[in-house]
Amino acid sequence: MFCFSTSIEKRNLIYGVYDDEHKLLDTVREVRSKGIEVFDCYSPFPVHHLDEEMGVRRTYLSIAAFLCGMTGFCLGLLLEFYTMVFDWPMIIGGKPSDYHMLPSMVPVVFECTILCTAYGIGILFFARNKMGHGVVPDILDIRQTDDRLIIAFDADSLSSEAKIDVNNAMKNNGVLEINSYKGQYAEALLTEGGAHA
Amino acid sequence: MSVIDSAIRHPLVTGGKTYADITVDICRPLENKPSKSWWIGFSISFVLLLVLFATLFYTVWTGIGVWNINKSVMWGWDITNFVFWIGIGHAGTLISAILLLFRQKWRMSINRSAEAMTIFAVMCAAVFPFFHMGRIWVGCYWVFPLPNAFGSLWVNFNSPLLWDVFAISTYFSVSLLFWYLGLIPDIATVRDRAKTKARKFWYNFFSMGWTGSVRTWARYEVVSLILAGISTPLVLSVHTIVSMDFATSVIPGWHTTIFPPYFVAGAIFSGFGMVLTLLLVARKVLNYENYITIGHLDAMAKIIMLTGTMVGLAYITEFFIAWYSGVQYEQYAFINRATGPYWWAYWTMMSCNLIAPQLFWIKWARRTPWFLFMMSIVVNVGMWFERFVIIVTSLHRDYLTSSWAMYSASWVEIGIFVGTFGLFFTCFFIFCKFLPIINMAEVKGIIKNRE
Chain X
8 MFCFSTSIEK RNLIYGVYDD EHKLLDTVRE VRSKGIEVFD CYSPFPVHHL DEEMGVRRTY
68 LSIAAFLCGM TGFCLGLLLE FYTMVFDWPM IIGGKPSDYH MLPSMVPVVF ECTILCTAYG
128 IGILFFARNK MGHGVVPDIL DIRQTDDRLI IAFDADSLSS EAKIDVNNAM KNNGVLEINS
188 YKGQYAEALL TEGGAHA
Chain S
20 MSVIDSAIRH PLVTGGKTYA DITVDICRPL ENKPSKSWWI GFSISFVLLL VLFATLFYTV
80 WTGIGVWNIN KSVMWGWDIT NFVFWIGIGH AGTLISAILL LFRQKWRMSI NRSAEAMTIF
140 AVMCAAVFPF FHMGRIWVGC YWVFPLPNAF GSLWVNFNSP LLWDVFAIST YFSVSLLFWY
200 LGLIPDIATV RDRAKTKARK FWYNFFSMGW TGSVRTWARY EVVSLILAGI STPLVLSVHT
260 IVSMDFATSV IPGWHTTIFP PYFVAGAIFS GFGMVLTLLL VARKVLNYEN YITIGHLDAM
320 AKIIMLTGTM VGLAYITEFF IAWYSGVQYE QYAFINRATG PYWWAYWTMM SCNLIAPQLF
380 WIKWARRTPW FLFMMSIVVN VGMWFERFVI IVTSLHRDYL TSSWAMYSAS WVEIGIFVGT
440 FGLFFTCFFI FCKFLPIINM AEVKGIIKNR E
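Chains X and S, in that order, are what the protein sequence lines are. Residue numbers for the first sequence follow the working numbering, so the first one is 8 and each next one is one higher. Residue numbers for the second sequence follow the working numbering, so the first one is 20 and each next one is one higher.
Hints in this document: simulated from the structure, not taken from any laboratory. Glycine residues also receive a C-beta, built at the ideal position from the N, C-alpha and C atoms. Some hints could be false.
Unchecked claim - Taking lysine-lysine and the PhoX-like style, the derived pairs with C-alpha atoms no more than 20 Å apart in a straight line are:
1) X:LYS17 to X:LYS137
2) S:LYS303 to S:LYS452
3) S:LYS36 to X:LYS30
4) S:LYS52 to S:LYS303
5) X:LYS30 to S:LYS467
6) X:LYS189 to X:LYS17
Stated by the list, open to error - Some but not every residue of chain S turned toward chain X, in silico, with C-beta under 8 Å:
7) ALA186
8) LEU200
9) LEU202
10) THR208
11) GLU240
12) THR387
13) PHE390
14) LYS463
To be verified - If you anchor each label on the Cβ, the simulated ranges turn out as follows:
15) S:PHE65 to X:GLY139: 28 to 36 Å
16) X:ASN175 to S:LYS216: 38 to 46 Å
17) X:LEU74 to S:MET142: 29 to 37 Å
Work the whole structure out from these sequences, hints included.
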């Protein structure tokens with residue numbers, strides 16, 4: 008039941024709006040204990056442990072970073088060996104231009120490692136999130152980048168009992184509003200003291 | 020998971036701010052018309068930037084002879100200014116990377132502006148090594164391993180000057196990425212508040228479709244941690260390699276193994292000096308006293324005191340080792356530094372970098388903004404003189420008395436140096452106008468004092 012595509016396009020969602028990350032975390036814990044999957048959460052700042060509570064698997068980006076770093080390491084060595092040892096060895100100031108110059112290769116190899124790690128992981132991060140210049144963001148609620156935290160459920164995948172459980176879990180944990188989202192159309196199902204309603 | 024009002028830890032953000040308050044406060048300078056003080060500051064900086072262009076043009080057009088460097092003092096203000104700016108460019112990554120690894124949460128209000136400062140300072144630094152090559156149109160072949168028609172003669176990978184090229188370009192690129200990555204969630208916040216078409220377009224363009232989804236945040240945190248992890252050795256390597264420009268030579272006064280740690284401490288010292296200079300003004304002008312609190316200033320003053328003392332210890336160690344080595348050239352280089360024709364530069368350096376920061380043992384000195392501002396200027400001046408002393412006093416009297424010479428900067432060299440301040444502040448004013456100078460996303464995560 009776990010959905011890998013997190014695009015909200017053409018989906019029928021129920022979402023709760025919160026003003027506190029701990030209320031959101033408690034809701035996630037409650038619905039997960041009943042075996043209900045959370046579609047996604049949105050927050051203006053990172054909420055610690057939310058991904059673990061939601062059962063999001065840990066990203067492989069750290070392994071990718073290591074591989075990028077190794078690539079940079081090899082490219083740096085290749086560059087230095089090719090230019091200084093094979094293609095056109097130069098002896099300047101009596102310094103070696105064969106494998107004896109390995110110690111003086113260290114700084115450039117190190118910098119190449121760092122550069123490839125950083126840019127490799129940067130590019131992979133944007134690719135994995137499908138981020139890019141000019142991508143139109145999937146904003147469920149305009150306040151999700153300002154001061155509200157959002158929990159969203161895929162209404163089509165919930166049974167009618169599960170919908171009741173979800174509603175109760177949100178209400179028990181101090182939700183401000185519960186809204187529904189169908190494509191571009193949002194309708195308030197419940198509003199409780201929300202100034203933005 | 021409950022709210023704890025800690026008696027030991029003071030809140031990092033004061034004034035009882037809510038999430039919405041943070042958004043409104045930090046976005047205010049971006050969304051309103053620039054103030055009169057912004058226009059005055061920007062205009063002055065822009066005029067200085069034009070001075071930079073003019074003096075650089077004159078240097079390239081006429082030749083490097085318009086500088087007063089000579090056969091003995093072949094590095095003058097150019098490399099002094101280069102090391103000065105690159106040192107300033109160390110605080111940003113230190114604050115965001117090393118303090119992130121040490122879980123120092125007070126970094127969050129200041130890391131954005133410090134990182135921006137890093138990038139602008141490295142840009143200013145890059146001007147000097149580039150233009151000191153003289154014939155800049157062939158210079159690219161001397162510093163980058165580009166295929167060429169000279170045989171093909173590659174760059175010399177045995178030279179620390181070349182390592183420096185790699186270190187600084189990597190440092191600039193990685194700092195830029197780290198800064199931009201941190202900006203994306205905040206740009207998205209500004210995007211969702213944008214009213215005009217142009218603002219919507221540009222902030223949407225640079226926010227890259229950020230939504231704040233939990234999966235994105237989880238990956239973002241991992242990537243931030245990895246970038247911090249690799250930036251930490253990077254920032255230490257950069258100034259280590261800058262110090263090797265000197266330390267691997269055989270010039271008395273330069274040829275010392277203490278240089279790498281000594282330069283790194285000096286870089287952190289001068290970087291925090293410049294961060295203080297900028298933030299003391301910014302927090303006042305933009306009304307950010309609740310975000311950049313006295314507690315933040317206090318913490319920065321402590322780091323300045325620590326690193327200033329480390330630098331001072333290095334000065335004294337150098338002097339001692341020169342005497343203890345028994346090498347007469349080494350001994351003369353240091354005696355000449357302290358008592359020779361450039362004694363005033365040496366003692367300016369000593370009093371600004373070692374003696375002045377000792378005032379920060381007093382709590383009042385660490386917590387009084389106007390006094391801190393004066394001290395931050397003293398630190399900046401002192402660190403410029405440190406580089407001047409290292410470079411000029413070591414070169415002007417070397418092994419042969421026949422080649423002894425004196426050096427003072429020409430108006431062109433002074434113009435270029437003043438001009439780089441124009442470049443630095445022009446960039447900084449533009450940054451203040453178009454981007455949030457405090458990391459909203461991170462600050463929102465720490466306002467509720469939970470343990």
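Comparing the hints with the structure gives:
Proximity of LYS17 of chain X to LYS137 of chain X is assessed by CA-CA distance (about 18 Å); at most 20 Å being required, the pair is judged to hold. The hinted pair formed by LYS303 of chain S and LYS452 of chain S meets the criterion: a straight-line CA distance of about 16 Å does not exceed 20 Å. Simply put, LYS36 of chain S and LYS30 of chain X have alpha-carbon atoms about 19 Å apart, close enough for the 20 Å limit, and the pair holds. Annotation: proposed proximity of LYS52 of chain S to LYS303 of chain S holds, straight-line Cα distance about 18 Å (limit 20 Å).
A distance of roughly 13 Å separates the Cα atoms of LYS30 of chain X and LYS467 of chain S; the hinted pair therefore holds under the 20 Å criterion. Between the alpha carbons of LYS189 of chain X and LYS17 of chain X the distance comes to roughly 7 Å, so the proposed pair stays at or under 20 Å and holds. Interface restraint check for ALA186 of chain S: the shortest CB-CB distance to chain X comes to about 6 Å, inside 8 Å, so the restraint holds. At a threshold of 8 Å, the smallest CB-CB gap from LEU200 of chain S to chain X is about 7 Å, leaving the interface hint in force.
Look at LEU202 of chain S: its Cβ only gets to about 13 Å from chain X, farther than 8 Å, so that hint breaks. Annotation: interface hint on THR208 of chain S holds; nearest CB of chain X at approximately 4 Å, less than 8 Å. Interface hint at GLU240 of chain S: satisfied, since its Cβ lies 6 Å from the closest Cβ of chain X, which is below the 8 Å cut-off. Hint status for THR387 of chain S relative to chain X: violated, with the closest Cβ pair at about 32 Å, above 8 Å.
Of the supplied interface hints, the one on PHE390 of chain S is violated, with its beta-carbon coming no nearer than about 34 Å to a beta-carbon of chain X, more than 8 Å. The closest approach between the C-beta of LYS463 of chain S and any C-beta of chain X is roughly 4 Å, which is under the 8 Å cut-off, so the hint is satisfied. The hint said 28 to 36 Å for the Cβ distance between PHE65 of chain S and GLY139 of chain X, and at roughly 33 Å that hint holds. A hinted range of 38 to 46 Å holds for the C-beta pair ASN175 of chain X and LYS216 of chain S, which are about 43 Å apart.
Between LEU74 of chain X and MET142 of chain S the Cβ separation comes to about 31 Å, which falls inside the hinted range of 29 to 37 Å.
Hints 9, 12, 13 from the earlier list are contradicted by this structure; the remaining hints agree with it.
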